[in-house]
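Since chain P is already given, all that's left is putting chain E on it; use the hints.
Residue numbers (the numbering used here), protein chains in the order written: chain P, 15 to 139; chain E, 146 to 433.
Do not rely on the hints blindly, as some may be mistaken.
[Stated by the list, open to error] Not everything, but these chain P residues come out facing chain E in the computed CB check (under 7 Å):
1) VAL122
2) VAL129
3) PRO130
4) PHE133
Read the hints as simulated data drawn from the structure, not as lab findings. A virtual CB, placed ideally from N, CA and C, is assigned to each residue, including glycine.
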Amino acid sequence: MRWIKEIETFWTLFTAPTVWALHFLVCYVAVAVYCAKQGALAMSFETMRWLLGGITVAALAVIVLSAWLAWRQWGFGTEVPPHDAPTQDDRRKFQGFATLLLSGLSFVSVLYVTVPLFFIGACQS
Amino acid sequence: MVVGGAIIWALVVGLLLYAGHARREPITARKASWLILGGGVAFPVIVLFCLLAYAVWLMPQIRPFMPALMDNKPQIEATGEQFWWRLRYLDDGGNTAFETANELRLPVGERTTFRLKAADVIHSFWIPSLGGKMDMIPGRDNVLSLEPTKTGVYRAPCAEFCGTSHALMAFSVIVMERPDFDAWRQSRIEAAAMPQPAHPGRDLFFRHGCAACHTIAGTPAIGRIGPDLTRIGERQTIAAGTLANTKDNIARFIREPDAIKPGVEMPAFGMLPDGDIEAIAAWLGGLK
Numbered sequence: 015m016r017w018i019k020e021i022e023t024f025w026t027l028f029t030a031p032t033v034w035a036l037h038f039l040v041c042y043v044a045v046a047v048y049c050a051k052q053g054a055l056a057m058s059f060e061t062m063r064w065l066l067g068g069i070t071v072a073a074l075a076v077i078v079l080s081a082w083l084a085w086r087q088w089g090f091g092t093e094v095p096p097h098d099a100p101t102q103d104d105r106r107k108f109q110g111f112a113t114l115l116l117s118g119l120s121f122v123s124v125l126y127v128t129v130p131l132f133f134i135g136a137c138q139s
Numbered sequence: 146m147v148v149g150g151a152i153i154w155a156l157v158v159g160l161l162l163y164a165g166h167a168r169r170e171p172i173t174a175r176k177a178s179w180l181i182l183g184g185g186v187a188f189p190v191i192v193l194f195c196l197l198a199y200a201v202w203l204m205p206q207i208r209p210f211m212p213a214l215m216d217n218k219p220q221i222e223a224t225g226e227q228f229w230w231r232l233r234y235l236d237d238g239g240n241t242a243f244e245t246a247n248e249l250r251l252p253v254g255e256r257t258t259f260r261l262k263a264a265d266v267i268h269s270f271w272i273p274s275l276g277g278k279m280d281m282i283p284g285r286d287n288v289l290s291l292e293p294t295k296t297g298v299y300r301a302p303c304a305e306f307c308g309t310s311h312a313l314m315a316f317s318v319i320v321m322e323r324p325d326f327d328a329w330r331q332s333r334i335e336a337a338a339m340p341q342p343a344h345p346g347r348d349l350f351f352r353h354g355c356a357a358c359h360t361i362a363g364t365p366a367i368g369r370i371g372p373d374l375t376r377i378g379e380r381q382t383i384a385a386g387t388l389a390n391t392k393d394n395i396a397r398f399i400r401e402p403d404a405i406k407p408g409v410e411m412p413a414f415g416m417l418p419d420g421d422i423e424a425i426a427a428w429l430g431g432l433k
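Isolated chain P, as found in the complex (with noise of 0.2 Å):
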C-alpha cells in the first residue's frame, strides 16, 4: 500500500462523503420504490430492513478503511497540524488529516441517516 502515501490526488478526500451521499440515496430511494410497489415485490418489511442494515455496516466499513488510510497518510499523528508549509510532506500530511476528519464526519452521519431504519414499523398507507 505504499502508492497510497504516495498519491497526489485529491479524490481520496471526497471518499467517505461520497460513501455518505451514497448510502443517503440507497437508503431514501430503496424505501420509497419498496413502499411504491408493495405489492409487486415479494419481500417484507424486514427484509428491507436487514437488506439496508448491511448496506449501511457496508457503507460504514470502507468509511472506516478510508479513515484507516487517511491516518497513515497523515503519518499516524506523528506530527500535529496545522501542516502548512509549501512542501509536498505537509501536503500529503494535510490532505491526510483532512480526510480523516471528514471520515468521521461521514461516519457520524451515516449512522444519523440509519436511525429511523429502527423506528420505522412500516410504510405510509
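Using the frame of chain P, we list chain E on its own:
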C-alpha cells in the same frame, strides 16, 4: 423541558463564572486536545444522537399513518372551510354520528384521531396546547392524533393563510372528563329526534331562508353550506372564534357578517326588520 432548560442555563452561567474567576493557568496541549475531542466532538454527537432517536421514536405516535396504528380509526372528521370549521363526530362504522362547527369537545386522557380535510383552500389544524399543527389540503385526507392531558378550554387558530379572514378563523376546544363527554355526545346524537319547541325566532329563521344553508337538529333545517347551528347557544364563541357568544353579537353577525369577517360567504341580512333579527338571535342564543 423547563427543568432541562434550567439545568443547561445553570451550567452555562456556572461555566461563565468559572471562566471569569478561575486563575489563568495554561493547561497542557494533551489536556486541551482531550477537552476539544470530548466537549466538541463526542458530547454533541452523543447528545444529538439521543435527541434524534427520541424524536424519530416519537414521530409515529404524532403522525399515525402507519397501518399498525391505523387501528384507532378517525373519531372526528374536521374540514376547513373559508372561514370556519366543519366538525363531524364519527361512529364506530366511520359514518357521521352528528355534525357541529367551530367548537370541539374531547375526552381527557384519551387519544383522539382526526381525519383532516379542506373544502376550498389549504387550511391548517392547530391546537397549540395539545400538539403540533397539520395542514388540511383539498382532495387529501390527513390523519392526526392528539391526547389532551388536562381538562379546560383551549383556543385553536387556523395556521395556514387561507384568505382575508384567515386571522378570524379559530375554534375552541373543550376538554372534558369522559362521563361528561359521553353525556354530551349522547345528547347531541339524540338532539336530532327532539323537536325544538315553537318560538317566534324559529318561524322567522325559516321564513327568511336561513335553513337553506344551516342545519339545526330537531328542526326541518338541513342546509349543508354553512356551519351547523345546533345548540349554538352552548358554544364559547360565534363566527369561528371571532365574537363572544351573546345575543347582540349574533344579531350583529346576521346584520353585517362581512363587516365582522371580510370575505365571508354568508350574505348580509341587514335589510330584515330589526325586530326579526333580534328574535332570530334570541332564539339561536337560547339553543342549548
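*Which of the numbered hints above does this structure break?*
none
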